[in-house]
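Here full-length UniProt numbering is used: the first residue of the sequence shown is 1, the next is one more, and so on.
Rather than coming from a laboratory, the hints here were simulated on the basis of the structure. Note that the coordinates shown come from a computational prediction; the quantities given were computed from them, not determined experimentally. Among the clues, some could well be false.
[Claimed, not checked] BS3-like, lysine-lysine: derived pairs with alpha carbons at most 30 Å apart:
no. : residue 1 : residue 2
1   : Lys271    : Lys285
2   : Lys55     : Lys81
3   : Lys51     : Lys81
4   : Lys271    : Lys81
5   : Lys278    : Lys252
6   : Lys252    : Lys271
7   : Lys285    : Lys252
8   : Lys271    : Lys191
9   : Lys278    : Lys179
10  : Lys191    : Lys179
[As the list claims (entries may be wrong)] Computed beta-carbon distance windows for the label pairs:
no. : residue 1 : residue 2 : range
11  : Leu244    : Tyr204    : 28 to 34 Å
12  : Gln321    : Val194    : 53 to 59 Å
13  : Gly37     : Pro317    : 18 to 24 Å
14  : Gln58     : Glu29     : 18 to 24 Å
Ideal Cβ placement from N, Cα and C applies to all residues, glycine included.
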Amino acid sequence: MTMLAGGTVLAIDAGGTSCRALLCSQSGEVLGYAQGGPANYHSIGEGQARKVITKLLQSLPCRPSSVECAVFGLAGLDTRKDREVLTAVAVDTLRAAAIQTDQLLLENDGMVTLIGATGGSDGLLIIAGTGSIACGVALDGRRVRVGGWGSRAGDEGSGYCIGMDALRHALRTADGREKQSGICAVILQEKGMVDVEELINWLYSSDFSVDSVAALAPAIFTLADNGDWQARTIVNNALNELSLMAATVIDKLALSDTNLHTVLAGGILEKNSWLREKLAHSIQKLAPQAHFAPAVYPPIVGGLLLGLRASGGLVLPGTLQRIMAGIP
1 MTMLAGGTVL AIDAGGTSCR ALLCSQSGEV LGYAQGGPAN YHSIGEGQAR
51 KVITKLLQSL PCRPSSVECA VFGLAGLDTR KDREVLTAVA VDTLRAAAIQ
101 TDQLLLENDG MVTLIGATGG SDGLLIIAGT GSIACGVALD GRRVRVGGWG
151 SRAGDEGSGY CIGMDALRHA LRTADGREKQ SGICAVILQE KGMVDVEELI
201 NWLYSSDFSV DSVAALAPAI FTLADNGDWQ ARTIVNNALN ELSLMAATVI
251 DKLALSDTNL HTVLAGGILE KNSWLREKLA HSIQKLAPQA HFAPAVYPPI
301 VGGLLLGLRA SGGLVLPGTL QRIMAGIP
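Between the sequences and the hints, there should be enough to build the whole structure, so can you do that?
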């Protein structure tokens, strides 16, 4: 590989469903790109995460011996312990791929997604898919992350929480604690089951997963659209949780009087116009100048932006355009 003047930057987007690595020059020339499998160590274990990221880095074409900055955007980077574990993972995987770096940056994947979504400017990102998270960055560089604590204790407003609320309601109607709605019948139909007993067996089987619960959410939205009272309650609860997450970010960063670049992302928000519009209205009540737009760049480019800035590079519009044009 020909090393261009100004050195190179490496970004790794290691998410819960897939991971990517992107190597580029300071001028935005893409020198290498690779894709791999899931890399959230909370889900697949630390050892498997190391294997996935090592394989990803080793599969980079024209792998460099050194880079100016390596940026890891990592799912599961939430606590000090996570940072200790994942710093070791980053160092070890770079070493295994024979890549040295002058600077090593680790960020939660939600924050890297935000930087990419806003093109590196200040803004607000709300993601509601299988899970949920809200991230914000102020003009002075201050950052805030709200939610995103995973299915065991968080992910409010997500597909998983919508699905779990529906499952709880189905069981409460089965034993008479709540009046019937259309939810139980729809869940049984979605799962190809004949009765609640079969549903309970599934809940405590090896087939149960966060993804399989989140997959129920579209059916709950359809029920809500058709007027089902409990489905509407569940969907409204999701709206309230996402609105609270957005309000918390706006309050912590004092963004209410800014021209707030806002990105609403994730399958739940992208596929449900009612929820998206209601959430946008809620945000505009708090930040009247907020404007909504799709993500400007993907998360991997958000990581590159952080790396280019950290290594002292001048990031021009043409730089980012060259990067996007060079990604396969």
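Taking 18 to 24 Å as the hint, is the beta-carbon distance of Gly37 and Pro317 inside that range? violated (33 Å)
Taking 30 Å as the top limit, are the C-alpha atoms of Lys51 and Lys81 close enough? Holds, because 20 Å separates the two Cα atoms, which is no more than 30 Å.
Pairwise hint evaluation, Lys252 against Lys278, where the allowed Cα distance is 30 Å at most: Holds - the C-alpha atoms of Lys252 and Lys278 are around 22 Å apart, at most 30 Å.
Just to be careful, I want the Cα atoms of Lys191 and Lys179 compared with a cutoff of 30 Å; is the pair within it? holds (22 Å)
When you check the alpha-carbon spacing of Lys271 and Lys191, does it fall within 30 Å? Cα-Cα ~21 Å, so holds.
Are the Cα positions of Lys278 and Lys179 separated by 30 Å at most? The given pair, whose Cα atoms are some 27 Å apart, holds under the 30 Å limit.
Given the range 18 to 24 Å, decide if the beta-carbon distance of Gln58 to Glu29 lies inside it. Since Gln58 and Glu29 have Cβ atoms about 22 Å apart, the given range 18 to 24 Å holds.
Below or equal to 30 Å on CA atoms is what counts here, so check Lys55 against Lys81. holds (24 Å)
Sort out whether Lys285 lies within 30 Å of Lys271, counting only the CA atoms. Since the Cα atoms of Lys271 and Lys285 sit roughly 23 Å apart, the hinted pair holds (cutoff 30 Å).
Within 28 to 34 Å: is that where the Cβ-Cβ distance between Leu244 and Tyr204 falls? holds (31 Å)
Distance restraint between Lys252 and Lys271, which requires alpha-carbon spacing of 30 Å or less: Given that 30 Å is the threshold and the Cα spacing comes to 29 Å, the pair holds.
Range hint compliance [Cβ, Gln321 to Val194, 53 to 59 Å]: Roughly 56 Å apart at Cβ, these two residues keep to the hinted range, so it holds.
Going through the hint list in order, the structure does not satisfy hints 4 and 13.
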